[in-house]
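Asker: Position chain B relative to chain A; hints supplied.
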Amino acid sequence: MHKKNIGLGAFSIILGVAMYLASFGIRDFAAVGVGATFFPRLASLGFVILGALLILQVLRGPKPLPEAKSPTKRNYSIVLSMVLLVIFLALLESLGYIICSALYIFFQILILAPEKKKNYVLYGIISVISSLATYLLFVRVFQVMIPSGILG
Amino acid sequence: MIIEGILSVLTVKTISLIFGGTVLGILFGSIPGITVTMGVALFLPITFSMEPVEGLSLLMGLYIGGTSGGLISAVLLNIPGTPASICTCFDGAPLAQQGKAGKALGLGIVYSFLGGMFSLVVLFFISPWLAGIALNFASYEYFSIGIFSLTLVSTMSGKSFVKGLFSALLGFSFTFIGMAPITAFPRFTFGFKQLNGGLSLLPILIGLFAVSQLFESSNKDEEEVKPVEYSIKGFGFSFKEFLSQKWNFLRSALIGTGVGILPGLGGAICSVVAYGVAKKQSKYPEKFGTGAIDGIVASETSNNASTGGALVPLMTLGIPGDNTTAILLAGFMVHGITPGPLLFENNGVLVYGIFTALVLANIFMIISEFGGMRLFVKVLKVPKHFLLPIVLTLCVIGSYGLNNRMFDVWTMLFFGILGFGMKKFEIPSTPLLLGAILGPIIETELRRGLMRSKGSFLPFFTEPISGVILTITILVVLFSAIQTLRKANLQKRAQ
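Chains as they are written, first to last, in this note's numbering: chain A, 1 to 152; chain B, 1 to 495.
The following block holds chain B by itself, in its conformation from the complex:
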């Protein structure tokens, strides 16, 4: 099965799709304001007409390329190309200012590659095992996992936890629209027939993460982009420097993969955590932020390591690990494939095909970033006022292509305006997405579970796995509540 899977990807068409996807992904990742999430969402509709393995390979290429591409603008422009490369700016940009941009880029690229490959090894070994366990999961366990994942809202809320919860609840509420699970009576359709099927996830995503960006950009004056000059010789850094980073690499790769596995937490949080830990553990923390290579290694290793991690819950449980994997989930669904424990039994060839595609995407990423840097920098110089309108027409094509109806395009616009409004009110939009994805899982599984238990809530706590997950959830909530109270007390005393 493994060999069959590998062979299924090794066709000229699929390999070119992965290569093209990776290069495009790097472009999307490197241009500030245009994200990987956007890239994958925009290219999802074109995979409709492809074979599942071809389409998914293209999307994996975009995902891998895009996660790495952010480092280019982080180093050369001191602007993170993706949220996940914010920490790369801290040391990458100072190095570039000192005339060592080549070294910063080289480190970033090589450790992106190593981090990505590390997480794929983890994915390769963990996911079949986890899928085996998850095969025994029933409604109780899925409900508990859904509830546990919701606690992660606290980590992605930014300044205000209340606003994060508001956002998640809003996302949850949008999933009420349409047929209610199990009994299939329409809810909140307000007489619109198109709402009977509910809102599709793709236009919501494109609206929230792409269209709102356009409004955001039209609100700001454009700054002229001036990339720093650079030159790379070899990998750009010495073997001695490479060896000095081995522990930092291992730690950051573990953090990236581990945090990435938790549903809802993406590369951005991974790199912040890894950067923080690297600084704390370092013998020279004062050098961080002035061009320490450790910082670049920690950030780039961990954000790329999150890719394999985020794919673990997606492929084994059908729960996405971050924004981008949420769209990848939709990518599976359009081909009639539901990710989850059964995927490994029913579509084993496809699973190993995807693993192969991911490995190839990482290889293409390191080759094209070293070989095609000039091209990427050229595209960085293209003014945003040319790029954004064209990207928006792609958004329209993407939303329309899903079901060939204008309704989805209007949905996209609605969520674009909503996303922009939320930014104005400083409400984070990622929790909304989490709520929209987890909502149906929680609601359906709770109702299904209650039917099985004849209306008793007890089995949710007494079934061993479900009980453990719910207990952890309660502990996490209590822990963060105590922390919040402590912070509030400290602030009061400080005043």
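This is chain A alone, in the form it adopts within the complex:
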């Protein structure tokens, strides 16, 4: 956690400085009292102070205990989940909700399911049925707009 906290502190300071610089781009006039740049600049000051505090806490705090290594076995599955989600969203408007979500659910189950017992047929059935069911429920019953894409 120590290295992470120093990184976070540095990030906070950089964010503060960047925000301060960006605040000069705000068009502003304050006839009375404070203008549109007041709070952004206050916040950027806050980020710098908090960042400095975070780093100070690490430097002045007790030495870190050797951290137990957490199992990194499934780290790749988060990245996979995120990539899958980005693809799902990118194709949503052109392919439509039904196709996209069915494919998404299928692959996401594959990523999450335990290695040993994969039942592809069951996953397929679940993904198609739940995608159709949510689409019909939301569009027909609740009248929510969902991209229908090439099927619509």
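Be aware that one or more of the hints could be misleading.
Said to hold, decoys possible - DSS-like cross-link-like pairs, simulated, lysine-lysine; straight-line CA separation at most 27 Å:
id	chain 1	residue 1	chain 2	residue 2
1	B	424	A	3
2	A	118	B	381
3	A	4	B	492
4	B	381	B	159
5	B	233	B	287
6	B	492	B	159
7	B	487	A	4
8	A	3	B	487
9	A	118	B	226
These aren't lab readings, by the way, just hints derived from the structure by calculation.
Answerer: Frame of chain A, contents of chain B only:
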């Protein structure tokens, strides 16, 4: 007006919506990793096409059901279904291990109901009165309330106060994006037209509290769920046991409602406080944690009592009392209704309609938890790797349905990844939400107030109500600063 309000809910459609909402809420609450907040956020978009009273009744059902549902998994799995039911595990799970799961469930359900009803009575009497006072509030008072609410970050920061503040400041900063209040010049839009209107709260919430959960779960190996066997006869406990808890109940209900009223503090903190007090006041504190019924009563009474409490600031001031009421606030807004003191004057029928819906939701909750326990336990057994992907598609529908634009869905994803990253850095995400909600209130009201006072900060302190609130704020900050220093000194001495 009161009778009109009650009657407005008593239609077949609205009653079925409340019932359905309550049952779904219990499901959301009982499944660990899927929270009430998520449930209300996901169902918000479907209320767009409904009448305000129907839509809000459904959301209230979800809220009440979800707050109570957490006790099922707390007792049967020893995993809290919601953060608010953590303390229910302490004694509920040991009781279940001793073969008394029925008693633990019965106590939890009955006291959830009683706690919820108690807080509704408080809501019913306090909120019109408070709204009357708040009618006179102007910029000064709203600014001060906003600042006071920010001090609550210290209570929700967990291990590191600095990280809690960082989170709140981050939330505040996200609200700079878009038109600046009053002068309406765009800020931090980086040339993106979609950012002109600012970020919507709903995708932020869904991202932070639902999508990040999916990433979190894909990081862990799934454990197989094995609920403990149980059987309930009658209520599951004796009348004598019921009577023995009367003081504990009253105390916990007061704590739950009282803490719930404070903006930003939800059921989780209520139950921790109530459990702690019950243990301290008990004649047999050593039994707590081994299956003392007092513990279940304290936890379940207080976390459900927080529901009515959290609705007080929401309905009278337009400031949410916890995560879930933050989404309920959005639920009002999509129907063009702004909660606040004027709500009671302009939409009195709706207010009493909502009160009625809340009472019904509590009644449906106790009936369906006693009657449908088998169903809830069955759903608990459904593997998470089937549930989470489906929930995520609901998140997408929810974010898209808000404005029918993909931009909000991408916002959701951004905050999902941000929320996951924050968990990795042990930064609490609730303060971010608090900052995002209070930020615009503080900024707008400060600027409005300064315009009224011609640039002088003095009225913020000299106006009586505003002055009192700011003084309390300063005292709270000083008090917690002294406490922190004391703790640090003690730690140094200990080394």
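Asker: Taking the hints in turn, state whether each one holds.
Answerer: Results of checking the hints against the structure:
1. For the suggested pair residue 424/B and residue 3/A, the alpha carbons sit about 12 Å apart, so the restraint of at most 27 Å is met.
2. At roughly 18 Å between alpha-carbon atoms, residue 118/A and residue 381/B fall within 27 Å of each other, so this suggested pair holds.
3. As the CA atoms of residue 4/A and residue 492/B are separated by approximately 24 Å, the hinted pair is consistent with the 27 Å bound.
4. Annotation: proposed proximity of residue 381/B to residue 159/B is violated, straight-line Cα distance about 33 Å (limit 27 Å).
5. Proximity of residue 233/B to residue 287/B is assessed by CA-CA distance (about 25 Å); at most 27 Å being required, the pair is judged to hold.
6. Only pairs whose Cα atoms come within 27 Å are accepted, and residue 492/B paired with residue 159/B is accepted, the gap being roughly 18 Å.
7. At roughly 24 Å between alpha-carbon atoms, residue 487/B and residue 4/A fall within 27 Å of each other, so this suggested pair holds.
8. A threshold of 27 Å between alpha carbons decides the hint, and for residue 3/A with residue 487/B the separation of about 24 Å falls inside it, so the pair holds.
9. The straight-line distance between the Cα atoms of residue 118/A and residue 226/B is roughly 21 Å, inside the 27 Å bound, and the hint therefore holds.
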